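Participant: Residue numbers (this note's numbering), protein chains in the order written: chain Z, 1 to 168; chain F, 1001 to 1829.
Quick caveat, the hints were computed from the structure, so don't treat them as lab data.
One or more of the hints may lead you astray.
Said to hold, decoys possible - Over the 12 Å line for every Cβ pair with chain Z, so calculated as not near, a few chain F residues: (1) Asp1087; (2) Tyr1233; (3) Phe1324; (4) Lys1495.
Stated by the list, open to error - Using 30 Å as the maximum straight-line C-alpha spacing, the simulated BS3-like pairs for lysine-lysine come out as follows: (5) F:Lys1378 / F:Lys1368; (6) F:Lys1073 / F:Lys1036; (7) F:Lys1768 / Z:Lys111; (8) F:Lys1114 / F:Lys1818; (9) F:Lys1672 / F:Lys1603; (10) F:Lys1258 / F:Lys1119; (11) F:Lys1603 / F:Lys1637; (12) Z:Lys111 / F:Lys1637; (13) F:Lys1368 / Z:Lys111.
Unchecked claim - Okay, the calculated beta carbon distance ranges per label pair: (14) F:Glu1034 / Z:Arg110: 41 to 47 Å; (15) Z:Gly149 / F:Thr1013: 49 to 55 Å; (16) F:Glu1492 / Z:Arg143: 53 to 59 Å; (17) F:Arg1693 / Z:Arg110: 56 to 62 Å; (18) F:Pro1439 / Z:Asn105: 54 to 60 Å; (19) Z:Arg143 / F:Ala1381: 35 to 41 Å.
In this text the structure is predicted, and so the values were computed from the model without any measurement.
Ideal Cβ placement from N, Cα and C applies to all residues, glycine included.
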Amino acid sequence: MADVNRRRFLQGSVAGLAVASGLAPAAGPKNADAAAVDAQPNYPSLDIAPLDSIGPGAEISFDYPDENSPAVLLRMGAPAEGGIGPDGDIVAFSMLCTHKGCPLNYLAERKMLVCPCHWSSFDPAKAGRLIIGQASQSLPQMRLEVRDGMVRAIGIDGLIYGRHTNIL
Amino acid sequence: MTRVPLPPTNAKTFRTVCQFCIVGCGYRVFKWPEGKNGTPEPEGNALGVDFREQQPADGVWISTNMHTVVTDKDGSRHSVAIIPDQDCQVNGGLESVRGGGLAQTLYAPDRETKVRLMKPQLLGAGGHADAAWDEAVDLGARVIKAVIDRWGADAVGMKFFDHGGGGGGFENNWAVGRFFFSGIGTRRASIHNRPAYNSEVHAAGDAGLAPLTNAYVDAQLADTIMIVGANPYETQTNYFLNHMVLNLNGESQTLKEKTFTGEPTASGRMIIVDPRRTMSVVAAEAAAGAENVLHLQIEPGTDIVLLNAIARIVLARRWHDIAFMRQRTEWQTFEAYQRSSLGVDRPLDEYIAEAAAHCGVAETDLHKAAEWIAEPKKGGARRRTLFHYEKGLIWGLKNYENIASIVDLALMTGNVGKPGTGCSRLGGHQEAYVRPPYPGGRPALNVDEAVRRGEAKVFWIGGCNPVLTTLRAEAMENSLIERGASVRNVLEETKGKPVGERVVAVVEALKEGGMFILAQDLYMTASARHAHVVLPAAGWGEMNLTSINGERRLRLYERFVDPPGDARPDWKIMALFAERLRQLYEEDNNPLMANRFRDYRWKTDEDVFIHARYSFKGDGSDPMEGYAGITYDLLRKLGNNGIQTPVRLVNKVPVGTPRLFENGKFGTPSGKARFIPAHRPWPGYAATIERQRQRYRFWINNGRVNHIWQTSYHHQHIPFYRERYPIPCLELNAADAQELGISSGDLLEVENDVGRVRAMAYITDAVKPNHAFMLFGQPRGAAGDLISDHVDPATTIPYYKGAWADIRRIGPAPDELKTVSFLPRNKVE
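With the rest of the complex left out, here is chain Z (with noise of 0.2 Å):
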């Protein structure tokens, strides 16, 4: 269980690469017992950029569920698994490859995540799946929403690499 302290709210600024950091220090509970890790997680949520200010190819950075798990989000300019927005193509990921844990890059003109270090390749417009690699599990979607015109990361469905439970 998450408490209070966790949620963070942050505003991307404008449109493009805009970084969103500056995360406190997480401040959960640090002894979840075994009845607890099978509990769903109470994810914060989190402002990420105003919806009008995500224009064409956007990439965003920031971190969720907490400062140790960076994410990006994407606006991939045809409909995407998963994509919100007028045109439901915009997505967020988390940016920890899900087979060795190292950050993720964006071939923004490939449209596809590629790590570095063993070369797995995720594909953000289908849900984050491996297009090759040795991942073990696709990468973990941040579900998003817009309310009062802010996109919002209210979630993520899959596990991020490092840890047994998303919200520690």
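Mind docking chain F on chain Z? Use the hints.
Facilitator: For chain F alone, coordinates are given in the frame of chain Z:
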């Protein structure tokens, strides 16, 4: 799923090796009662990891596919986590996409693997019905005996796994070989993927080399790695990532300097011979820099010309290793090789220009390859080149000469038996060579033909699926259906009658052209569906087994779950049949035959291993095999690093052999290696193939892809893998696709004079125009349906890579492909 349970500190722990590819990565297994999970603090879980914190890159992690819940025979439910072993030298903690999902392959009554075979089944008019083991074995053994007695041992045909890893291992291999070769004595035996019981690399054996000569560390030490007809990023993954890449990117430089004092060393280079620009080429370029990778994108069937042209340049530049050849090879064979294969009677430039045109590569690239392979280093030290080859060469135009040409090049440049060198298969599956000798000669009998033509009265299919994988696959299936039908009818008609009466009726059907079919497998495969007797086999993790990997590393794969239902290890199934045949022959007062089926009373997996071990003492009579002094206890102590075979006893202590031929003795009567001359420098296409080439536009290359192991026998039941390739992909060049009005995901029909098959289009620049590449052996599309029955007459090895066909679009992507990515599979930047 957004969480995985952690193993508690009291979880049971096991060591095992991945069941899939030849590399054999080490894994750790944790098993604990469901719900009794560990806690995130390091002292609260069996991994000793602080899961309150984000783990760093290369840390210990359980991905969601690395965990599952299994149900043991007593109904108890357990969590199982299977994670890569950081202490294993093979993979150093890396998983492949296949190994990362090992947990998902386990039987579970509440997941798709619940379709595992649980009980023996007999085929009747209404389909398969459960039967008791006694009933199935009795019927099968009686029919086999009747067939041997009437038509002789060769009327019993078989196609069985001959490998290590899942569904194999020394234990099962030994039992199967012993039953069919020492017991029945049939020559109509064939190996899982081909029509006969034969080596895939006869030429290497004739030259005195073994299939697996080097240690994986040699890929970290070589100056140049040459890979012919293989795609190691996808299909020998962690040999590539954890050894070759460390050489290409300079990480192994310290090891090189330590190993080769006084010899100049630098980051490694790689030569890849492949008609496709695969991910291996792209990843090698990313690791080494494009200037240190040479991709020779040859036209199909031109390997021999290419390799001989490179050898000719080496000879002309006088870069061949005369000292090695004088000491270690039969010199006269080198002279014959120069004349027959290297065209020494013709001017170099003319020979090379002709070869380059033939292969579709630049002359300068042929020269560059020769330089990278053999140009002496500064100060005169010989360049260390490691040669690897696999199915592109093995299933190529002319199996025997294909293999000969790379072995000859390795011998000529002295690249065998020294650190940083070798000439080896990259391998497909793991190995478990132990078997009594095949009773037939060479070339081995073609079992597929015997099944089609009627000489095989019994056909026993074990742990393989020829309906999807063999050449002329549809003809194989038709034979099973047509020749099996009469037997099926008499079994139905005689239901409930005494077994003796049923067997008489079966034999009558066999006289009229029928065939009695047995199958033993994990699943009801496309082949097993046609079997009259279906036998449920235990799989990986459900028995203890031993296997070797591509550097002959022998390890114990521990049992950690129960087999489902009444499934049994293959060795036990063979023992049941042997015991019943022994009884039947004794009842028949035929001690000669009864004695052939003695000594199958093994109690444990290890009993079988020890039995097999006695035949392979490591006395040097076989270059690869030798298991002296090995016990399960010793292997448990050695863990996932195991010991490299052959193992010999030195002062009663088992000692392994990381690298073969370091003593300079090769597997020939003279102890010297032999060059194998090609009969003709360019053998040309066989008539059957040439007709196809003339008639159809596309070359249909085919093979494996990263995600999928063989026929998808497990992976079709695991969504993560199945959803990547729900239908087999067919890679097509963009220009060809545009011309034919094809988009990625479109349904295609591929057709030639052998058959037709469906596939999904995957447009890519990996293949040249007029080339295509299809994922082979899939339940929803078998490339084998396009493969002619042409085999290399010298070896009975098919030209699986040699099919030509036409391609047409039959419709847009069906809904099930909506989630499939068609982004390129060969881009990293």
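Participant: Are the hints correct? Go through all of them and say.
Facilitator: Here is how each hint holds up against the structure:
The beta carbon of Asp1087 (chain F) sits about 16 Å from the closest Cβ of chain Z, which is more than 12 Å, so the claim that it is off the interface holds. Not every C-beta of chain Z lies more than 12 Å from that of Tyr1233 (chain F), the closest at about 7 Å, which undercuts listing it as non-interface. Every CB of chain Z lies more than 12 Å from the CB of Phe1324 (chain F), the least distance being 36 Å, so the non-interface label holds. Here Lys1495 (chain F) stays apart from chain Z, with its beta-carbon at least about 47 Å from theirs, past the 12 Å limit.
A distance of roughly 17 Å separates the Cα atoms of Lys1378 (chain F) and Lys1368 (chain F); the hinted pair therefore holds under the 30 Å criterion. Simply put, Lys1073 (chain F) and Lys1036 (chain F) have alpha-carbon atoms about 19 Å apart, close enough for the 30 Å limit, and the pair holds. Between Lys1768 (chain F) and Lys111 (chain Z) the CA atoms are separated by roughly 24 Å; this keeps the pair inside 30 Å, and the hint holds. As the CA atoms of Lys1114 (chain F) and Lys1818 (chain F) are separated by approximately 27 Å, the hinted pair is consistent with the 30 Å bound.
A threshold of 30 Å between alpha carbons decides the hint, and for Lys1672 (chain F) with Lys1603 (chain F) the separation of about 43 Å lies outside it, so the pair is violated. Straight-line distance between C-alpha atoms of Lys1258 (chain F) and Lys1119 (chain F) comes to about 57 Å, which puts the hinted pair past the 30 Å bound. At roughly 22 Å between alpha-carbon atoms, Lys1603 (chain F) and Lys1637 (chain F) fall within 30 Å of each other, so this suggested pair holds. The suggested pairing of Lys111 (chain Z) with Lys1637 (chain F) is violated, with an alpha-carbon distance near 48 Å, which exceeds 30 Å.
A C-alpha spacing of about 36 Å is found between Lys1368 (chain F) and Lys111 (chain Z), which places the hinted pair above 30 Å, so the restraint is violated. With their beta carbons about 42 Å apart, Glu1034 (chain F) and Arg110 (chain Z) fall inside the hinted range of 41 to 47 Å. Against the hinted window of 49 to 55 Å, the Cβ-Cβ separation of Gly149 (chain Z) and Thr1013 (chain F) comes to about 53 Å, which satisfies the hint. For the hinted restraint 53 to 59 Å between Glu1492 (chain F) and Arg143 (chain Z), the CB-CB distance of approximately 56 Å keeps it satisfied.
A hinted range of 56 to 62 Å is violated for the C-beta pair Arg1693 (chain F) and Arg110 (chain Z), which are about 35 Å apart. The given range of 54 to 60 Å is respected by Pro1439 (chain F) and Asn105 (chain Z), whose C-beta atoms sit roughly 58 Å from each other. The supplied range of 35 to 41 Å is broken by Arg143 (chain Z) and Ala1381 (chain F), whose beta-carbon atoms lie about 60 Å from each other.
Comparing the model with each earlier hint shows violations of hints 2, 9, 10, 12, 13, 17 and 19; every other hint is respected.
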